[in-house]
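Respectively, the protein sequence lines represent chains A and B.
Per full-length UniProt numbering, the very first residue in the first sequence carries number 1; after that it's consecutive.
Per full-length UniProt numbering, the very first residue in the second sequence carries number 1; after that it's consecutive.
Hints in this document: simulated from the structure, not taken from any laboratory.
C-beta: ideal position from N, C-alpha, C; glycine also.
If you only want the chain B side, here are some residues facing chain A, beta carbon under 10 angstroms, derived: (1) D312; (2) P323; (3) A332; (4) D339.
Label pairs and their computed distance ranges (CB to CB): (5) A/R322 - B/R40: 20 to 30 angstroms; (6) B/D339 - A/A294: 16 to 26 angstroms; (7) A/D312 - B/R40: 26 to 36 angstroms; (8) B/D357 - A/A294: 13 to 23 angstroms; (9) B/K360 - A/P52: 42 to 52 angstroms; (10) B/A195 - A/D186: 40 to 50 angstroms.
A few chain B residues that face chain A, going by a derived Cβ cut-off under 10 angstroms, partial list only: (11) W21; (12) P22; (13) V316; (14) V333; (15) D338; (16) A349; (17) R351; (18) A355; (19) L359.
Number of protein chains: 2
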Amino acid sequence: MTPIEDLYAIVPAGGAGTRLWPMSRRSRPKFLLDLVGTGRTLLQGTIDRLLPLTGADRVVVVTGLDHLGAVAEQLPEVSAANLVAEPSPRDSMAAIGLAAAILQERHGSVLVASFAADHVVPDVEGFSAAVRHAAVAARAGYVTTIGITPTAPSTAFGYIRSGAPLEPAEGGPTARVVAEFVEKPDAETAAGYLAAGDVAWNAGMFVVRTDVLLGHLERLQPPLAAGLREIAAVWDTGDRGEVLARVWPTLTRIAIDHAIAEPVAATGGVAVVPGAFTWDDVGDWASLADLVPADAEGVRRIGADAGVVAVDSPGVFVSADRPVAVVGIPDAVVVLTDDALLVTTAAHAQRVKAAVDVLKERGRADLT
Amino acid sequence: MTPIEDLYAIVPAGGAGTRLWPMSRRSRPKFLLDLVGTGRTLLQGTIDRLLPLTGADRVVVVTGLDHLGAVAEQLPEVSAANLVAEPSPRDSMAAIGLAAAILQERHGSVLVASFAADHVVPDVEGFSAAVRHAAVAARAGYVTTIGITPTAPSTAFGYIRSGAPLEPAEGGPTARVVAEFVEKPDAETAAGYLAAGDVAWNAGMFVVRTDVLLGHLERLQPPLAAGLREIAAVWDTGDRGEVLARVWPTLTRIAIDHAIAEPVAATGGVAVVPGAFTWDDVGDWASLADLVPADAEGVRRIGADAGVVAVDSPGVFVSADRPVAVVGIPDAVVVLTDDALLVTTAAHAQRVKAAVDVLKERGRADLT
Numbered sequence: 001m002t003p004i005e006d007l008y009a010i011v012p013a014g015g016a017g018t019r020l021w022p023m024s025r026r027s028r029p030k031f032l033l034d035l036v037g038t039g040r041t042l043l044q045g046t047i048d049r050l051l052p053l054t055g056a057d058r059v060v061v062v063t064g065l066d067h068l069g070a071v072a073e074q075l076p077e078v079s080a081a082n083l084v085a086e087p088s089p090r091d092s093m094a095a096i097g098l099a100a101a102i103l104q105e106r107h108g109s110v111l112v113a114s115f116a117a118d119h120v121v122p123d124v125e126g127f128s129a130a131v132r133h134a135a136v137a138a139r140a141g142y143v144t145t146i147g148i149t150p151t152a153p154s155t156a157f158g159y160i161r162s163g164a165p166l167e168p169a170e171g172g173p174t175a176r177v178v179a180e181f182v183e184k185p186d187a188e189t190a191a192g193y194l195a196a197g198d199v200a201w202n203a204g205m206f207v208v209r210t211d212v213l214l215g216h217l218e219r220l221q222p223p224l225a226a227g228l229r230e231i232a233a234v235w236d237t238g239d240r241g242e243v244l245a246r247v248w249p250t251l252t253r254i255a256i257d258h259a260i261a262e263p264v265a266a267t268g269g270v271a272v273v274p275g276a277f278t279w280d281d282v283g284d285w286a287s288l289a290d291l292v293p294a295d296a297e298g299v300r301r302i303g304a305d306a307g308v309v310a311v312d313s314p315g316v317f318v319s320a321d322r323p324v325a326v327v328g329i330p331d332a333v334v335v336l337t338d339d340a341l342l343v344t345t346a347a348h349a350q351r352v353k354a355a356v357d358v359l360k361e362r363g364r365a366d367l368t
Numbered sequence: 001m002t003p004i005e006d007l008y009a010i011v012p013a014g015g016a017g018t019r020l021w022p023m024s025r026r027s028r029p030k031f032l033l034d035l036v037g038t039g040r041t042l043l044q045g046t047i048d049r050l051l052p053l054t055g056a057d058r059v060v061v062v063t064g065l066d067h068l069g070a071v072a073e074q075l076p077e078v079s080a081a082n083l084v085a086e087p088s089p090r091d092s093m094a095a096i097g098l099a100a101a102i103l104q105e106r107h108g109s110v111l112v113a114s115f116a117a118d119h120v121v122p123d124v125e126g127f128s129a130a131v132r133h134a135a136v137a138a139r140a141g142y143v144t145t146i147g148i149t150p151t152a153p154s155t156a157f158g159y160i161r162s163g164a165p166l167e168p169a170e171g172g173p174t175a176r177v178v179a180e181f182v183e184k185p186d187a188e189t190a191a192g193y194l195a196a197g198d199v200a201w202n203a204g205m206f207v208v209r210t211d212v213l214l215g216h217l218e219r220l221q222p223p224l225a226a227g228l229r230e231i232a233a234v235w236d237t238g239d240r241g242e243v244l245a246r247v248w249p250t251l252t253r254i255a256i257d258h259a260i261a262e263p264v265a266a267t268g269g270v271a272v273v274p275g276a277f278t279w280d281d282v283g284d285w286a287s288l289a290d291l292v293p294a295d296a297e298g299v300r301r302i303g304a305d306a307g308v309v310a311v312d313s314p315g316v317f318v319s320a321d322r323p324v325a326v327v328g329i330p331d332a333v334v335v336l337t338d339d340a341l342l343v344t345t346a347a348h349a350q351r352v353k354a355a356v357d358v359l360k361e362r363g364r365a366d367l368t
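This is chain A alone, in the form it adopts within the complex (with noise of 0.2 angstroms):
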């Protein structure tokens, strides 16, 4: 496979994963846990599957000041002025942004595409015939997205409803331009979606020139774009420390769908690809155990394995240091940490941060 000579990527590695606490909390994130077993990390495995595409000295991640020992630990082929870090969060439009304008200030334009670091993209050939064509599209001037074919109708994503096709020197007529962004849908809705078939999963998946991205920035964000212009002309100079001190904090809190994606899509300056991958955002132990494929006895395990007993309880997911018997419970989660122990179904998981926000109330910062 060889490698899309314009493109960088960019990996915004933020987030703490608060629904599939316990395993993950503030101080450990989900991007930098092996939660799938594959033996990497969901940062990891995202940095693995780009490498193909760009080469090692063309990825950028950026992460909080937190982690950035830990990113760096993990991700020993990334160089040092590859990973940008941010002095506290500030929302998905900043640190894209962020690396966007550092890369065009050192290289002039480029391609850029931008992948959250805490997704599950199991095809890698798929994903790559994906970001290819997408970059067809991205060169043409479109800030393009990858559509993920829907399998199910599914609640937990936000969706793309596509409109006219691209021309075919554009990545057309499978590249479309994206008529709007929708919401997480309720189940009705979504099942209409399905049924209606032209429209995609969101998966935050970007590319765009950085010409492009940073013009729309100027346009329709003006100070964060001069904020982040600012930052980035002195960012590989003795002066980044005292410019970002002073800047970053005045930086607008908005995400990339909110400042980009949205606005643009309404003037036709989005174009969508098609990513018939299967990719999950692991937002949730549902989402997770759906991952993990199942044992002789129906058991879902991450984890060593201790030994689970399922009684009356098909379908069970557990990450457990000892046996763990479940009885009368189909669907169960149990994660058991050194800390903590978390038990609930896979039709809850979305309510475990509702537990977690109740351990902040009650001061127990420990734990979340």
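Assemble the complex: chain A is given as a structure, and chain B must be docked to it using the hints.
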């Protein structure tokens, strides 16, 4: 409270309590555990309840050789002569019959009262009153049982149906002849029993003269009676070991209910006195959970309070050494020990035995 002068207590301490796995094990049976969190084990609680009725020198505990050391350690007030060790388990008739035969050998015919070592009776006064009442009927020659006044149509207990009242001199009229013992009913039958009002729960509590008990045994189980008589005759001599080794393995395995209570009831020889006190055989985790008061957040817990968060999970019961979050599982039962974890619900508590059976099949004797 004055002791009942001619009464000896017999406490058969056997049974693993499989349904209370993973806390109870063959090596750590239920009666040796402080399951309710009172600071006393179930065995100690049983003896505490009996001592005021008998004094320390009139309590005999029958247990397996394997547990003799632990029993002696837990009961410093019971003399070694009153700890009867069975070489192997041969069911309740042999255990209780041996103790009765030894006592008759030592003291001539006496009144004995037999109570399992692993039940919970919080109301010591009510219990004592019932035993005193039962002693009257027992002295008159009845095998006398204490029938627990039902508080719900339980399907977990056997029932005692009462017949005609006894004479006042024999403890009547609230003491009655037992019409029949009935097995654990289904829910509908149990509801019918409760409506009819002439039934009580069979708690396996018997008060009887040793000459009456052993007389019934001679008639109904002659070989077993002969074996027990032979062992008892040499119990306090140097021949105990030899005779026990030779005779004990030949004894009929039968429960006292089948050997004595049911056939003697059929000919009008069993009486029942009402036991209007709270009683529980702590047969499973649901039963234990019912004995534990809920905290302000509706959580029931035994052991250290490491913090329980219950989200959409009313009625949870937890025993764990670390914080536990239960999300979306009403009446969840979560029991974490050093080497195992059980997750079930109150409604499935009886099925825990099935999980233990699977562990046995897998050769995990260390866990069962």
